[in-house]
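2 protein chains.
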Amino acid sequence: MIPKLEDIRLAYDRIKYQIHRTPILSSHSINCISGANIVFKCENFQKVGAFKFRGASNAVLSLNDSEIGNGVATHSSGNHAQAIALAAKMRGIVAYIIMPDNSPQVKKDAVAGYDAQIIFCEPNLKAREIALNKIVQKTNATFIHPYNNFNVIAGQGTAALELMEDIPDIDIIMTPVGGGGLLSGTAICAKSLNDNIQVIAGEPSGADDAYQSFKTGILQESTAPNTICDGLLTSLGSLTFEAVNLFVDDIYTVDDYYTISAMKLIWERMKIIVEPSACVTLGAILKYKEKFEGKKVGIILSGGNLDLSKLPF
Amino acid sequence: MIPKLEDIRLAYDRIKYQIHRTPILSSHSINCISGANIVFKCENFQKVGAFKFRGASNAVLSLNDSEIGNGVATHSSGNHAQAIALAAKMRGIVAYIIMPDNSPQVKKDAVAGYDAQIIFCEPNLKAREIALNKIVQKTNATFIHPYNNFNVIAGQGTAALELMEDIPDIDIIMTPVGGGGLLSGTAICAKSLNDNIQVIAGEPSGADDAYQSFKTGILQESTAPNTICDGLLTSLGSLTFEAVNLFVDDIYTVDDYYTISAMKLIWERMKIIVEPSACVTLGAILKYKEKFEGKKVGIILSGGNLDLSKLPF
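Chains as they are written, first to last, in the numbering used here: chain D, 457 to 769; chain Y, 457 to 769.
Accuracy of the hints is not assured; some may be wrong.
The list cannot tell twin chains apart, which means a pair is met if one copy fits it or any two copies do.
What the hints assert, rightly or not - Once the Cα atoms are required to be at most 30 Å apart in a straight line, the calculated DSS-like pairs of lysine-lysine come out as: (1) Lys671 - Lys582; (2) Lys743 - Lys564; (3) Lys720 - Lys545; (4) Lys720 - Lys766; (5) Lys766 - Lys743; (6) Lys752 - Lys582; (7) Lys766 - Lys594; (8) Lys720 - Lys564; (9) Lys752 - Lys460; (10) Lys590 - Lys564; (11) Lys671 - Lys564; (12) Lys545 - Lys752.
Since the hints were made in silico from the structure, they are not lab data.
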């Protein structure tokens, strides 16, 4: 079952005291370059530096005391890991985090900084799942999936809730798509509030499983993804696939070239730090300019965590 | 003659319609690391990416029509150049900008983007002044000095005016010092509003002429400066030296090591882009922690313009 607008509102009431209401910025020069009228919802300024703290907070706060007594566990390439670690710390429970051993150092350090117990595994879905099952069996911790989880999706939808409250007249709302948690929550929220809004995702061409799933109607696995967007390597899950099919208008695939150009634009013109995965949306606008010309576009900038010693420019 | 608080207020009334009222941010983790309670006035989000647009706007808007008929001219290593270029463009007059030929490419591009006429010169004060005099004689343009100018200093003081209006209970206010325009305007404003506030500047150890001038009471020239802070290479002028002597409590010299650490902290924890010159203040706090412990410190982050392909980390 996927969340409804009502569930996103309930999530917001639950988490609003521990999240940041992130600012919405715009850039005159990016509007001139793109031809669109873009507002950026800056989840790079969210706690832990990414929207993931919304979903993680809602998931952790939705569990009752008996469900949560043995802590929580998850697997994540980074931002969800930090988010669960902090949400658990704030509730005073233990978090077990399965992380791929090739995660950026800055993300490993951050998770450790929130006192979570880290278990490293090889960087593939199979290894993650085996490591996770082992931990859950051993500790009886409650597994919180990074995106294929009702409460996580509802929590991620709260970014769009804030954005549409502040800027009600958006024509198009955009997010990146990896596992689809942010996209699902955003799409459910946006379409429920305004049936005329278009919901468009950006996805790296080198990891286009969501695009393939969307176009074929059959859930496709992510195999050998090849992109700079390290937060967008995973496949959709059953819940996010359902939400995407019901509420998303289109998914645009974007070569890393456009994503990196978009990232440089945001860094140089807006003076804010965003990670590559966050820039696939503006990348899509730069690639398909004519589709966005003159439109008011709301972009959810998903996060700002990256290794500063490994910039693509 | 140096400006008074009244002149800074007049400057604010003159420029407030064309500048951004920049946000004030804070970071829980930087407070934990530094032991101080720091608020950052984010002039990296100002137009042209630096506080310099305040002084340039005030100088350009203070000239009457006959003074401005032949345009304005200045020399600058970067941010003042962009600021004058944009302020002139907004008033519809021509700007002649003398720039050192080793200025960061991103700064050259920005000045050109505002339609200014650029004249390159060798990167030393002598060469700049010769090139400037030539242009002024040839064109009859009005010279606007980057910092040793009454209206420029008054304009720079408006950042502190906004900061102290938003956060009245600051114990210490800090800026970097290069030519001293921002420091002078800030010190005049802060001390006039609250005699108990401490005004402390950060200066690179490798370009410590303002520190030497302040300690000896004799204006020292900057000779062979060696620092990553490319906006802080110049010497004080007669006006800024007077203001510094009257209103500044201390100047702390900071090795680039601390400035770079501070810059990395701001980038990683606050997800905002600031240039090295802007970080010498937090660098001073990291170096002299005990002086700032438990104090409420207002830092004016001076700018965010730098070559992203040449990061110091």
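Tell me, which hint numbers fail for this structure?
-> 6, 7 and 11
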